[in-house]
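*Asks:* Could you slot chain B onto chain A? The hints should help.
Protein chains: 2
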Amino acid sequence: MKFDLKTAVSTSVSGMAAYAPGEQPEGGSWTKLNTNELPYPPSPKVKAAILKELGKRGESLRLYPAPESPKLREAIAKFYGLKAPFAFAGNGSDDVLNIAVRAFSDSKRAISTIDPSYSLYPVLAKMQGARLKKIPFEANMKIPFKKIFESNSNIFFFTNPNAPTGLGFDLKTVEKIAKNFNGLVLVDEAYAPFSGFSAARLVKKYDNLIVAGTSSKAWGMAGMRVGWALANPKIVEILDRVRDSYNLDRLAQAAGIAALNDVEYHLSKVRLIVSEREKFQKFLSGIGWNFYPSSSNFIFFKPRRGTSEGAAEAEAFFEFLKKNKILLRYFPNEKSACDGVRMTVGTPADMARVRKAVREWIKL
Amino acid sequence: MKFDLKTAVSTSVSGMAAYAPGEQPEGGSWTKLNTNELPYPPSPKVKAAILKELGKRGESLRLYPAPESPKLREAIAKFYGLKAPFAFAGNGSDDVLNIAVRAFSDSKRAISTIDPSYSLYPVLAKMQGARLKKIPFEANMKIPFKKIFESNSNIFFFTNPNAPTGLGFDLKTVEKIAKNFNGLVLVDEAYAPFSGFSAARLVKKYDNLIVAGTSSKAWGMAGMRVGWALANPKIVEILDRVRDSYNLDRLAQAAGIAALNDVEYHLSKVRLIVSEREKFQKFLSGIGWNFYPSSSNFIFFKPRRGTSEGAAEAEAFFEFLKKNKILLRYFPNEKSACDGVRMTVGTPADMARVRKAVREWIKL
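Order-wise, the sequence lines are chains A and B.
Numbering follows my numbering, in which position 332 of the first sequence is assigned residue number 620; successive positions increment by one, without gaps.
Numbering follows my numbering, in which position 222 of the second sequence is assigned residue number 510; successive positions increment by one, without gaps.
Okay, chain A solo, but in the shape it has when bound (with noise of 0.2 Å):
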């Protein structure tokens, strides 16, 4: 046998790393902060609507699902006030993400994303072979259109609000960017709910433009996976090429629908999460710490001591939480974010002890 697992393996997966997920502690004494997750279960009907789809013995299980999730697609495109031929359904926003590189890049079709912004972008682009240019935000977080129209690339990835930063921009940029833009723009939504707007309507409009969303963050479902898109149908005809014929399981659907249908819950914990947002950033003005206003579901801050800014500080302050059972995301390898670190927003009991941990480091 002459197998040799170096060479076996394609040349652009040969050179990446997986993408590296926020830390998933079991257990549950954390006050898990690292992943944008909503502090609150989704909607009731979830659940009851995962029953009545399981049926008395989980007989609905042996029957593959809905290929394409119409049931899904509809509830998507009617929470955005569109036809279901808008829409196209992902197991998680991910898949979406993942499959509008497959269809829309390859080697001779490049890449740009603003920077920072999601670090997944990066790794399917290297998957996929595709050149990635990242384009830095100006001074002030200001967006580099000319850099982002002259970028002659394929997709532009613009994560709105953007992380690691949370900061959102209005739907008038977005329109802008589409307008001059040669190629596709794909506007990463994660967030959206938390910043009250939203560019899916906009697709009616631009023919070049993917509006992406999840449940994981402001239905309270990542555990379920469910992420959608909203593009012309010509692109959604395309993003279904390369889905995977089943790529959302019969309960993911079911709880996708429910959730989505939900819009008064959905709503009521948006405004919740806004809430604890507002006060928690108005407690880093009051200490002097530096921070993105944030228009999403968590806050980028700069841990300070005195004058003491700076990744070495925002490194101990996250590792002070972790002893405290107290999780935060932080990126030392990003140039442009490891002064600081993202912290979702929580319960206003979770926000409480954040507080009382940020007064006791600023002691040490």
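If a hint is listed, it holds; no wrong ones were tucked in.
A pair holds if it fits inside one copy or across any two, identical chains being indistinguishable in the list.
Derived lysine-lysine pairs resembling DSS-like cross-links, with alpha carbons at most 27 Å apart:
| # | residue 1 | residue 2 |
| --- | --- | --- |
| 1 | Lys-396 | Lys-294 |
| 2 | Lys-567 | Lys-590 |
| 3 | Lys-396 | Lys-414 |
| 4 | Lys-344 | Lys-613 |
| 5 | Lys-493 | Lys-290 |
| 6 | Lys-522 | Lys-467 |
| 7 | Lys-290 | Lys-464 |
| 8 | Lys-344 | Lys-333 |
| 9 | Lys-396 | Lys-435 |
| 10 | Lys-651 | Lys-611 |
| 11 | Lys-623 | Lys-422 |
| 12 | Lys-414 | Lys-294 |
| 13 | Lys-396 | Lys-421 |
| 14 | Lys-644 | Lys-590 |
| 15 | Lys-522 | Lys-294 |
| 16 | Lys-290 | Lys-430 |
| 17 | Lys-610 | Lys-623 |
Honestly, the hints are just simulated from the structure, not real lab data.
As the structure is a computational prediction, the values presented were derived from the model and not from experiment.
*Replies:* Leaving out everything else, chain B in the frame of chain A:
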């Protein structure tokens, strides 16, 4: 805006069509024998495990699932008598196949498959821009060893038992291929539980062997999308690079663990299917219809009236059964399979219904 969808699509995706899964008719009046689902629900322990994972209010769903599905991998490995590092979990085995294609093929690394076999492989190859070499069976469905060994490709897909013929090949055949083929051998064992043996434990002996399995057929869980692979841990590490971070949702992981641990239930249902399969094959022999002796949960047979056999008869029979609300699988576009139909083995009542329809059709 100079956006042009035609040129925006990646080279490999622009020329491809989506995989066409078997019909999933809505409504309960069908005798659905077209996609090789089990006619029985999964183990009652599956529903119990899902309920436990959901908790009182579905509160577990707010948190991301364990990225690597470690407990599910343990259950998979245990089922096959292997250690956990040899196991990999996918969102159905289609996810495993897709990941393997991305990890081990590209424009310079070809794929070969036995022909006929699972019609998803060509779709995955095309999507990846990898050359696909179909290696036809020799006369009487004998394995073309020499052609496989000399196919000069990077992965060889071997569906065992084969689809759509249902023919099973013994472990000596698998070993001979693994030993003499220069690339990776992916044995797709979706139907292996109905043959009574698996090549899974050979992964300890052969570094170039991946054995894929699924809960969709023999565990009654097509609706849950739980599939797996067994392979050398070095191969698993590479599959993990390409895997979506959270490819299995919480309920799918819980369901998979429960299903795999209830070995007794699984085997009892497999026995029922094998018994009905043998009974139906005797029936076919009795009326003089040709079929491949099946090692799977389906039978590929060639409808005939008098001396007339072939594509026209196969189509007429397929349509007649469809009118009678019995859905089989028919492959009009596949040269080597268009003269027959593929029937999933169902319950005793399902099979009695088919036998009745066969007798009626013969008289037409």
